[in-house]
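Enquirer: Chain residues, written in single-letter form:
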Amino acid sequence: MELTEEKLDEHHLDEREVVDVVVRFAGDSGDGMQLTGSNFTLATALYGNDLSTFPDFPAEIRAPVGATFGVSAFQIYFGSEDVTTAGDALDVLVAMNPAALATNLANVVDGGLVIADRGAFTAKNLAKAGYAANPLDDGSLAGYRLLDIDISAQVLAAVEPFGLGHKASLRCKNMWTLGLVMWLFDRDRGATVNNLKTKFAKRPEIAEANIAALNAGHAFGETAELPSGIHVYRVPQARSAPGLYRNVTGTQALAWGLLAGAELSGIELLFASYPITPASNLLHELSNRGDFRVGTFQAEDEIAAVCTAIGASFAGSLGVTSSAGPGVALKSEGMSLAISTELPLVVIDTQRGGPSTGLPTKTEQSDLDMALFGRHGDTPLPVIAPATPPECFDMAREAVRLATKYMTPVMLLSDGYLANAAERWRIPRVEDFERTPVKFAEDSGEFRPARRDPRSLARNWARPGTPGLEHRIGGIESDHDSGNISYEPANHQRMTDLRQAKIAGIVNDIPLQEVDQGDVSGKLAVVGWGSTYGAIHQGVKRARLEGHDVSHIHVRHLCPLPRNLGDLLAGFDAVLVPEMNTGQFARLLRAEYLLDVESLGKVSGQPFKIGEILAAIHAKCRKTEPAQ
Amino acid sequence: MNQANLTLKDFASDQEVRWCPGCGDYAILKTVQKLLPTLGRPRENQVFVSGIGCSSRFPYYMNTYGFHTIHGRAPAIATGVKLANPELDVWVITGDGDGLSIGGNHMMHTLRRNLDLQILLFNNEIYGLTKGQYSPTSRLGTRSPSSPAGSIDPPLSPCAVALGAGGAFVARSIDTHAKHLSAVIGAGHAHKGTAFIEILQNCPIYNDGIFEPVKDRATAPDHRVEVEHGKPIVFGGEREKAIRLDRERLRLEVTGADAEDVLIHDESNPVLAQLLAAMGGPDFPIAIGVLYRRRQPSFDEEFSRRKGKSREGNLAALLQGGNTWAVD
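Sequences listed follow chains A and B, in order.
For what it's worth, our numbering labels the leading residue of the first sequence as 1427, then goes sequentially.
For what it's worth, our numbering labels the leading residue of the second sequence as 773, then goes sequentially.
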């Protein structure tokens, strides 16, 4: 389907009180935009707004100064109502140089606020960004509110007392800008001041200079004569259920979910992985968790990582490995071994733009087919996908539960957006979780590794070191009863059927599919999986406010699919599946349920916008609803 | 089970051994089954991990814990086993193709890390299970189904590779030289760290007799030298020949056993170990025994230390750490 983005009317900066705002900080990859954004996010969370963030950075670590391909950005959508995406169009763009302006201006709403550092709009930088004339002067920004300040000069003056030198002083530009934006939205600077003191604990003069810059930016907003229409905005606090809250990224939530899953199962984790963008942060997060007896192992390659995890599972720990698409492809032979030998294993795929190296820092959902089918032999395994950063916590626990209960590898599909995006999270109470302790085999006189639980069909798990249970497993087909090597034709049929039945049977152990929004039958179901949740949620919400008969269904268990999903979808006249690939889940639903499912694919490396979902709903409704 | 009463039979599984008649693997299996009861370690703590190939069927025949894995990956799987439970004695069984071709990367990094494992590499200089193609240790010009006119890629020396990768225990022995093999494997087991043991192994089907000069009673004395730490390196039927170092050219030479400067084997000397590993061919005997041994902390010791002895972290405290806010 052709994507036609609907222009949204978010032009509301004329008011002093606004319901929600989208702000994007953009600058060179060395300008500290991610740090700026994360501090603004924290202040916004502490203020009490709902929020969602989208760090959007290039693959280059320090791209050439001023280059358009080196622009690093951090976007945050915050407001007083339920916020589930990082926002479509920008109300406020902070452009630290011409390249940041050139690459982001098209997304700013009419009348939106553009804050630009005039000091960085030099002839050289303008040329690099492709500007023939300075856009700050030539009237081309007339449709926006422009606040152009020589931030560089302001910063140099503000940090002069600290004697840092020219270059180090200019590094405080991001904090000056943050101070100004904090003034604009009435945020408290306390948490940022604390963060700076911690970050630069060993270099207090740097901390003090940054704090001075932060305060100077704030003071500038308070005291300078700003153009008319630029003033402090009030974004009322969001209504929230009572509880203790924090911000959490998908990666943090995954790491903590694995820890929680291991604790609830009474098992130790061995996390083995090889560095790859955007999955490495999970390795970093868990590497600090020795206090939970998590072993983290940086393997020599992706294959070694999955194999080390499998070895750990054989020895009675839970092996976990993690990568992005190219690395998961390398792990596939190992995953088949774990399926064949029926060992628990969790494989986390933080998907990125493919194929090959593709777009390492950009998001995509194009590994679904690989997760479901991308192995040699008949190798079914459960595949699950969290929809939001907080949900990563729950789905990581679910992965541990399924892997250990069913003695199977489990694939968890995250993506570059989920991994890095932050949302508010009502912290769950650990004591509320159900414990699912792992039971290892004990000496029973006549042990057989192939003996299985009649309900789950999981084979029993005997740890090396247990006297009397010495046994051998391997990748050669094994006898259904003794577990010894077997080339018997009937046995291979039986084992293949058994592997299939074991995974299919998990359908009785997962929740029925619920409808996220709207009725359980009707004209149109918008069906999503993974990180498209936020955009679909908002798109459907708006369409329903407009009176359209549309529901949102979001699938977390992709294999096996929930038992009632087919019947549920059959209750709708039409099914639309937005996903960040060329229609992989849509094809799966068509194949499983023989339904006329329509795909809405997007593979630009950027998450869906609400407007894109809404436009697709409109187009679909025009076809199915009679003209009024 | 009382460890003291265990015998060879207790370490033999009930599975029928399926190697070709006359395969050198039988002899190695027997030697290992005989050695294990003497090591004084619980049977349930013995874990054999293998890759793919003839030698990799080994774990099926051991009545211990065993894992027959995938081609080349045994060292990586064994790493996971050892890290998950450092109390286990972990043995890697591999071959020249499995360990040095498809699995060369894992071999290199396992040696570098010095994980406490025993790696027994059965070197028959040929691919057996896939029916006789040349391997990374096949001699130049080896005729095989995939190299009918003779192979054109030079072979590597397993021991030289192991030394180059930083291996802290590197040894070589021979499949049917049971006493020597048993002693070398025993020394490898006693070594804390990765013990790399190359075992020259005859493939009677695809590469028969390739090691005959070093195995045959008549020719062996002139074609192999058993090195022992602190002892002169002498060989020959009458022990009349010896090895000396040409100090000017930094290379070994064959000399008479009565020469003044016969080389004394020093297993702590990595340069000497490289020279001994490379020795062979028409003019030199090949060296068997412990070529090199160095004591250094094993990876798993350090790994376990960092992981801590007990779980001290509190999950609720972790989730509630950092910046939080309450909504009433």
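Derived from the structure by calculation, the hints contain no laboratory data.
There's no promise every hint is true.
[Stated by the list, open to error] Counterexamples of contact, computed for chain B against chain A with all Cβ distances above 10 angstroms:
hint	residue
1	816
2	824
3	845
4	902
5	938
6	1000
7	1080
[To be verified] Facing chain A, according to a computed beta carbon distance under 8 angstroms, are these residues of chain B, among others:
hint	residue
8	851
9	857
10	876
11	881
12	918
13	964
14	1084
15	1099
[Unchecked claim] No more than 35 angstroms apart at the CA atoms, straight line, and that leaves these computed lysine-lysine pairs for DSBU-like:
hint	chain 1	residue 1	chain 2	residue 2
16	A	1831	B	806
17	B	781	A	1628
18	A	1625	B	1081
Positions of the beta carbon are idealized from the N, C-alpha and C atoms, including for glycine.
Enquirer: If a hint holds in the structure, say so; if it doesn't, say that too.
Expert: Each hint tested on the structure:
no., hint, result
1, 816, "violated (4 angstroms)"
2, 824, "violated (8 angstroms)"
3, 845, "violated (4 angstroms)"
4, 902, "holds (15 angstroms)"
5, 938, "holds (13 angstroms)"
6, 1000, "holds (34 angstroms)"
7, 1080, "violated (5 angstroms)"
8, 851, "holds (5 angstroms)"
9, 857, "holds (5 angstroms)"
10, 876, "violated (11 angstroms)"
11, 881, "holds (4 angstroms)"
12, 918, "violated (22 angstroms)"
13, 964, "violated (19 angstroms)"
14, 1084, "holds (5 angstroms)"
15, 1099, "holds (5 angstroms)"
16, A:1831 / B:806, "violated (39 angstroms)"
17, B:781 / A:1628, "violated (64 angstroms)"
18, A:1625 / B:1081, "holds (30 angstroms)"
Of the numbered hints stated above, those contradicted by the structure are hints 1, 2, 3, 7, 10, 12, 13, 16 and 17, listed in ascending order.
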